[in-house]
Amino acid sequence: MTTSDIHRMTLSQLKRNLEAKNLSSREITESFLKRISETNKSLNAFITITEEQAVSESVEADEIIAKGKAKSLTGLPFAHKDLFCTDGILTTCASKMLSNFVPPYDATVVKRLKDAGTIMIGKTNMDEFAMGSSNETSYYGNVSNPWNLDLSPGGSSGGSAAAVAAGLAPAATGTDTGGSIRQPAALTGVTGIKPTYGRVSRYGMIAFASSLDQGGFFTKSSEDAALLLTEVAGLDEFDSTSSAEPVPDYTASINNSIKGIKIGLIKQHFEEGLDETNKKVLEEALKALESQGAEIIEIDMPNIGLSVPTYYVVASAECSSNLSRYDGIRFGHRAENFNDLTDFYSKTRGEGFGSEVKRRIMTGTYVLSAGYYDAYYLKAQKVRQLISEDFKNAFEKVNVIAGPTTPSPAFPLGAKMDDPIEMYLNDIFTIGANLAGLPAMSIPCGFVNNLPIGLQLIGKHFGEESILQCGHQYQQITGWHKQVPEDFK
Amino acid sequence: MSINKDQIKYLSLLSRMDIQESEINDVEEKLTKIIDFVDQLQSIDTDEIEPMAHPLNQSQRLRADKVIEENNRDKIQKNTESTERGMYIVPKVIE
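Just so you know, the sequences run in chain order A and B.
Residue numbering for the first sequence follows the working numbering, starting at 1 and increasing by one per position.
Residue numbering for the second sequence follows the working numbering, starting at 1001 and increasing by one per position.
The following block holds chain A by itself, in its conformation from the complex (with noise of 0.2 Å):
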């Protein structure tokens, strides 16, 4: 590989390059800059763009190579998705309420991969607070999807998976509260990964649904989603939710073989919402796995076709209680010309959110008040209880389960937002995760109609290390992950 080759390497590539001293942190960083100066236009993956502050750290991180200081991931650029807090740049969440404000400090993802030696880059685009699946949604416009731009890249975040599918950006970091990471990691035909609730600190983390969301990351190739989780997972003291689970070393287990291994067939997923196209490839990537020696198993998940109602229950309802901070007064938007108290509030907020958060806030409050709290949210979070233990069960049988990410390939931008129901349909095979807080990633498994979809791998509750390892093994007999845009070649 050459210079030229830079927008094409995998993290571990970039960073064995770097310890050789092939290539310089410096140019590796404007290689990557120059790449979002001439392609940022047609792909809108960024809201801010970092540039002379990476350039500085850049030079630094040469320096600290040069005198071998070097952390695990010094001198390698990322991108954040903008709902990540970073200390004195802004941070939109791509919400006209956000679009003046910057946070006083870093999220903790952001200060871990800081302090393993990274170099931000730049802050990507997403659908508003992340509430959509088309990257639509943006106060910023939407993304377009690498493959073709007519396209939705997928969201919410729509940003870093277009970012990291295009050469933009090595990784980037992403969040996904019912499939924000995997769906558009399919569509572009990227790797991504969504943890175990509680393994990544949610703190600085741009809150949606408390209960479901979870940081996580896109990469060019699994053995990269390990060694960012690798340096990134973990207790933390500022959220009360994170895991004191102990951290493996995920690079370390990816090399085992599967031989052996139990991955478990959700019969539901594969019998409805499945595009038939869709479902052959999906076959086709079942019997590499089976090649490698893993055993494949029917699994019968009764409750998992309620997922989505449930999810649109509960996620509405933590979203109506965490949005109701944004109240113009210590940040974000606010309303110029009012009467009193409340209209001030109610200018400022409906000034400041966009369509599709209005309407989640509207239908959260519904559920929650009062007369339609036990029919709706209490309702809810009982039957997300019965898929949590549909998932249970399942795991008394099989190491790992394995399915598609998305009923389809990416779909045309405008398609889905007239049909909120259509659109929350494009998450069906992702919220289950979710709603059992279990870790699940989406790696590239073949084309339909010359365009990416996904194998969706879910594992046991911090059972990263399981579906990293599959991920893993397969992506050494297969090329999926490897296949770039034409246009971003």
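Quick caveat, the hints were computed from the structure, so don't treat them as lab data.
Remember, it's a predicted structure, so these values are computed and weren't measured experimentally.
Every residue, glycine too, gets a C-beta built ideally from N, C-alpha and C.
Derived pair list, reagent style DSSO-like, types lysine-lysine, alpha-carbon separation capped at 27 Å:
hint, chain 1, residue 1, chain 2, residue 2
1, A, Lys382, B, Lys1030
2, A, Lys382, B, Lys1033
3, A, Lys267, A, Lys382
4, A, Lys21, A, Lys69
5, B, Lys1033, B, Lys1005
6, B, Lys1092, B, Lys1078
7, A, Lys259, A, Lys397
8, A, Lys280, A, Lys267
9, A, Lys287, A, Lys262
10, A, Lys416, B, Lys1030
11, A, Lys482, A, Lys287
12, B, Lys1075, A, Lys114
13, A, Lys114, B, Lys1078
14, A, Lys482, A, Lys279
15, A, Lys397, A, Lys280
16, B, Lys1092, B, Lys1009
17, B, Lys1033, A, Lys416
18, B, Lys1005, B, Lys1030
19, B, Lys1078, A, Lys96
20, B, Lys1075, B, Lys1092
21, A, Lys397, A, Lys382
22, A, Lys96, B, Lys1005
23, A, Lys96, B, Lys1092
24, A, Lys96, B, Lys1030
25, A, Lys96, B, Lys1075
26, A, Lys279, A, Lys267
27, A, Lys96, B, Lys1009
28, A, Lys280, A, Lys259
29, A, Lys416, B, Lys1005
30, A, Lys382, A, Lys392
31, A, Lys114, A, Lys21
Looking from chain A toward chain B, a few residues come up when the C-beta cut is under 8 Å (computed):
hint, residue
32, Gly198
33, Val313
34, Lys347
35, Thr363
36, Leu378
37, Gln385
38, His461
Fit chain B to the known structure of chain A by using the hints.
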């Protein structure tokens, strides 16, 4: 179950969030669709099922009540122009 315009106005008040007259038909149509969709949960038998409030069914971890953050009020208050001597200026609430 359909959501009518009066309910939308009430939800708009409860959530302190203006909905413009021009938005109200769209909100009515889409909110009705969403509530109809989630209504399928009503037919599920959940007697004797404990509601799930935490995805790992865990309780909150507690920590010692010690100050662990430094005071960075000035930095925080850079996010609004409406402060005076370290305090926030808010609309008049008492006549």
